[in-house]
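Engineer: Produce the entire structure from the sequences given, and follow the hints as far as they go.
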Amino acid sequence: MTTKNILPVDEMIEAGRAWRLMSVLLSGFAVLNILSVQLPHERYIRYQQFDYSDLFKLRWVYERIHDDPTPIDVAIIGSSRVEAALSAPELAAALGKRLDRPIHVANLAVPYEGRNLHYIIVKELLESHPETRLILISVVERADISHPAFRYVADTRDILDAPLMISHYYAEDAAYLPYRQMSYFVQSIVPSWFGKSLVMRKDYLGTDFDSTKSFRIPRGRLIDRGLVAPMQKLKNEAAELKAGLGNTDGYWVQPSAWYTLNEPLEPEYTARIAALAKQHGAFVVFVHLPFYSSRPWQYDHAAYERLGPLLDAQQFSDDAQFYADGGHFNRFGIEKISPWIASAIDPYLDSLRSSNISPR
Amino acid sequence: MSFNSLIFLFAFLPFVLIVYYSLSLSRLHLLRLPFLVLATLGFYAHAQPRYVPLLLVSIIINYLLAILIVRTENPKVKQRWLILGVSANVATLIYLKYFSVVSGAVCGVFGASNPFINIMAPLAISFYTFQQIGFLVDVARGRIVLDGLMKYMAFVAFFPTLLSGPITLNQEIAPQLAARPDRERFAQNLLIGLVIFSFGLFKKTVFADTAALWADPVFNAAQSGASPGFFLSWGAAFTYTLQIYFDFSGYSDMAIGVARMLGVVLPLNFYSPLRSTSISELWRRWHMTLSRFVRMYIFQPLIIPLTRLSADRGYGRWKAFSVSMLLPTFLSMLIIGTWHGPSWTYVTFGLMHGTFMCINEIYNAITRKRRRGKLETRTVLFAYGLLTLLAFVSAEVPFRAESMSAAWQIFAGMAGLHGLGISQDWATSFSSGGNAMMIPIIAIGLSIVYMFPNTEQIMSRVRPALEWDKWRQVDPARFSFPFEFNIVWMGAVSVVLFFGFAFLSRGSTSFIYFKF
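Each protein sequence line maps, in turn, to chains Z and X.
Residue numbering for the first sequence follows the working numbering, starting at 1 and increasing by one per position.
Residue numbering for the second sequence follows the working numbering, starting at 361 and increasing by one per position.
Careful, some of the hints might be misleading.
Taking CB as the label site, the calculated pair distances span [as the list claims (entries may be wrong)]:
#	chain 1	residue 1	chain 2	residue 2	range
1	X	803	Z	52	24 to 30 Å
2	Z	203	X	371	44 to 50 Å
3	X	476	Z	214	42 to 48 Å
4	Z	52	X	540	42 to 48 Å
5	X	762	Z	203	44 to 50 Å
6	Z	306	X	762	48 to 54 Å
Short, incomplete list of chain X residues facing chain Z, as computed with Cβ under 7 Å [said to hold, decoys possible]:
#	residue
7	365
8	366
9	369
10	372
11	547
12	548
13	850
14	854
15	857
16	866
Keep in mind that the hints were calculated from the coordinates and are not lab data.
For every residue, glycine included, the Cβ atom is placed at its ideal position computed from N, Cα and C.
Structural biologist: This is the structure:
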C-alpha cells in the first residue's frame with residue numbers, strides 16, 4: 001500500500017513539473033541570497049553596531065583609523081587583556097622620549113578573544129596608515145574562537161575567505177551575510193532611524209583615549225581599572241585556567257589533532273597578520289601578558305616566535321596586587337607594565353627611527 | 361535541534377530526505393522506518409542526549425502495556441492495565457517536570473536544601489507522554505489495531521512532531537507512516553512541504569522574533585522590579601501575544617511542512633485563533649491538537665459521569681450546568697495551564713482561561729434562546745472579537761512573565777497604576793523610534809492576523825492538513841491568494857524563504873513551545 005491509497009486525492013501535478021518548479025524556487029532563493037550580499041553600505045555603519053555594549057570601543061577604533069588625521073606609528077592589537085594593560089599615551093611618551101620625536105601609539109584592542117577580528121583591524125589599519133611600523137599583538141593561551149564582532153565588521157570577502165570550510169563558524173558567519181547586508185543597506189540610507197551616523201560623531205573619544213584608565217560603557221557598567229581582585233577569586237580563576245588548558249604542571253600542551261583541525265582560526269589569522277604586516281613593511285611583536293599565577297610557557301611560544309619576536313611579562317604573574325581579575329591587570333599592574341613594555345621593545349625600534357612615511 | 365537552525369536546514373533535513381526516499385523507492389524500503397526512528401533519535405540527541413534512553417524506554421513500555429491491554433479479555437483487568445499505563449505516564453511526567461520545583465518549594469518552607477534540584481525536565485516529555493496516553497486509551501477503546509513496535513516507534517519518535525507537536529493520534533499517523541511513499545507524489549510532496557515550511561520559517565524569524573525585540577525588554581524589566589506604565593504594559597502584552605502567535609503558527613507550519621516532505625499529512629494545529637469571536641472558539645483554533653487531547657481524554661470522560669451525577673441527584677438547571685459543564689471546563693483549562701510547567705504563572709494562565717471559558721459558557725446559556733436562529737450583526741461580532749482578543753492578551757501576561765511578581769507589575773501597568781509611562785530608559789532602544797515602534801508593529805501584526813489568509817487557507821487546494829474539508833470554509837480571510845503550481849508562485853515563495861532564512865541569522869529565539 002502507498003500513501004496514495006490512504007490520503008484523499010488532491011490536485012496532482014506531474015513529477016517532472018514538480019521538480020522544475022522546485023528548481024525555480026531554490027534558484028530564486030539562491031539568486032536572492034547572492035543579490036543581497038551585493039548590497040552596498042557605509043563601512044562606518046558596521047562599527048556602530050556595538051555602541052551600547054562591551055564592544056563600544058570598536059566605533060572609536062574605526063574613527064581613530066579612518067577619521068582621525070593623527071598618524072599611528074605603533075598599534076596595539078588584541079583582546080581586553082592588552083586593552084586594559086598597555087597604555088597608549090604612556091607608551092607614546094616613553095618612545096617619544098627615547099626616539100626624540102613624537103611617536104603616536106593607538107591601542108586598538110577590543111574585548112573578547114578572536115584573532116579573526118584582529119586581522120580585520122590590522123587590515124583596516126595598514127590600508128589607511130602606511131606609516132605604521134610596529135604592531136604589538138597579544139598572545140593567546142588557547143582561545144581559538146571566532147570573535148563575536150567578526151561577522152559584523154568584516155568584509156564579505158573576508159567572511160567567505162575564512163579558513164577551512166569545516167570551521168565551526170564558517171556557516172553561521174556566511175549565513176549572516178544576507179541579513180547583515182540588507183540591514184546595513186537600510187541603515188546607510190536612513191541612519192537616523194537606527195541611531196546611526198554617516199559622519200564622525202561630535203563626541204569622538206579623542207586621539208588619546210586611554211582604555212587603561214577607568215571608564216563607563218555607554219548606558220552600562222563602570223570598568224574600574226583601580227580594582228584589586230580578592231585573593232580567593234584569583235586563586236579560583238587560576239585553577240580554572242589550569243583545568244581549561246588541560247594541564248596541571250603549568251606547561252603548554254600540544255592540542256589534540258581534532259582540536260587543531262576544528263579550530264584553525266588563531267594560528268591561521270596570526271600568520272595572516274604577520275604576512276600582511278610584512279607586506280606593508282610593518283614589524284610584528286608578540287606580547288604575552290600572563291594570567292594570575294600562571295606558569296611560564298603556558299602557550300605555544302614556538303609558533304609565535306616563528307612569526308616575530310616575543311615579549312613575555314611573566315615576571316608580574318604572581319603579584320595579586322596587579323590584577324583586577326584573573327586575566328586583567330589593574331592600575332597597579334599597568335604602572336609596572338608600561339615601563340617594562342617601553343624598555344622591552346627597544347631592540348625593535350629601528351623601523352620607527354627611520355620612518356618617514358606620511359599618513360594617508 | 362530546532363527547525364530554525366542552520367544544521368537542521370542545510371544538513372539534517374536534506375540528509376534525512378535523501379536517505380528516506382532512497383530507501384523508500386528502492387528494494388531496501390523495509391529499512392525506511394528504522395532509519396526514520398534513528399534519525400529522530402539523532403535529532404533529539406542533538407539537544408538532549410542524556411534523555412534518549414528515557415524516550416526509548418517510554419516507547420517500549422507503553423507498547424508492552426498496549427499489548428497487555430489488547431490481549432486481556434476481561435474488561436476489568438483491561439481497565440487496570442490502562443489505569444496502570446496512564447498512571448505510569450502521568451507519574452513520570454510529574455516526577456520529571458514538576459517534582460523538582462514542588463520539592464524546592466516545600467524544602468524552602470523548612471529551610472532545607474532541595475535534594476531533587478538536579479532533575480531537569482526532558483525535552484518534549486509533555487508531548488510524547490500525552491501522545492502515548494492517548495494511544496493507550498484508544499487501544500483500550502478498541503480504536504487501534506497494534507501493528508508492530510517499529511511502526512509505533514516511528515509514530516511516537518517522528519521528528520517533525522516530537523518536540524512541540526502537533527499531538528497526533530496513532531490512527532491518523534501510523535497508517536501514513538506504514539504506507540510506502542508513492543513515487544508519483546514524491547516530488548509534489550517535497551514541493552508542497554517546502555512551500556508550507558517556508559511560510560512557517562518566515563512567520564517565526566520575521567514576525568515572531570521581531571515582536572520579541574519589543575516584548576522582551578519590558579517583561580525583563582518587570583522581572584527586575586521596574587514599573588512599566590499603561591501604554592508600555594499593554595504594548596508589551598500585545599507584542600508578546602503577536603510573538604507567541606506567529607511563533608506557534610510558524611512552528612506548526614514548519615512541522616506540517618517537514619512531515620509533508622516525508623509524505624505525511626498532519627492534523628491542523630493552529631487556525632487563525634485570534635480571529636475567533638469567543639474564547640471557546642479560540643481554544644478550538646489554538647494548539648488544536650492539545651485542545652483535542654484534553655477534550656477527548658479529560659473533558660469528555662469528566663462530563664459524562666458528572667452529567668449523570670447531576671441527573672441522579674436531581675440538581676436544578678444552574679447547579680447541574682455548573683457541575684456538568686462549568687466544572688469540567690474549568691478543570692480542563694487548569695490542566696492545560698499547568699501542562700505548560702510547574703509555575704504559578706502557568707497556573708494563573710490556566711485559571712484565567714478557565715474563568716473566561718466559564719463566563720463564555722454562562723453567557724451562551726443565558727442568551728441561547730434570544731440568539732437562536734439569529735445572525736449576529738457585524739458590530740456585535742466585532743465586539744465579541746475585541747473582547748476575546750483583550751481576554752487572551754491579558755492571559756498572556758502571566759504566561760510570558762518569569763514570576764508572578766513580574767506579571768503583577770505588568771498587570772498594574774495595564775490598569776494604569778504606574779502612570780502612562782511611554783518611554784522608560786530600560787525599554788527597547790533598537791531604533792530612534794524606541795518604544796513608539798511598538799505601535800506600527802502591533803498594527804501590522806494585527807492586520808496580518810485579521811486580513812490575511814493563514815497558511816492552510818493559502819494551500820487549500822493541496823489539502824495541507826488532515827480533515828481539511830471540515831475547515832476549508834471556516835472563517836475565510838478578507839484577502840485571498842490561493843497557491844498555484846506556477847512560476848510566479850515559486851518566485852514569491854523563494855522571496856518568502858529568503859527572508860525567513862536571512863532573518864534567522866539576525867539572532868533567532870528558540871520556539872516558545874520547545875520548553876513545554
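Engineer: All hints are to be evaluated individually against the structure, with a verdict given for each.
Structural biologist: Each hint, compared with the structure:
no. : hint                        : verdict
1   : X:803 <-> Z:52: 24 to 30 Å  : 27 Å, holds
2   : Z:203 <-> X:371: 44 to 50 Å : 47 Å, holds
3   : X:476 <-> Z:214: 42 to 48 Å : 45 Å, holds
4   : Z:52 <-> X:540: 42 to 48 Å  : 57 Å, violated
5   : X:762 <-> Z:203: 44 to 50 Å : 37 Å, violated
6   : Z:306 <-> X:762: 48 to 54 Å : 52 Å, holds
7   : 365                         : 10 Å, violated
8   : 366                         : 5 Å, holds
9   : 369                         : 9 Å, violated
10  : 372                         : 13 Å, violated
11  : 547                         : 4 Å, holds
12  : 548                         : 5 Å, holds
13  : 850                         : 4 Å, holds
14  : 854                         : 3 Å, holds
15  : 857                         : 5 Å, holds
16  : 866                         : 5 Å, holds
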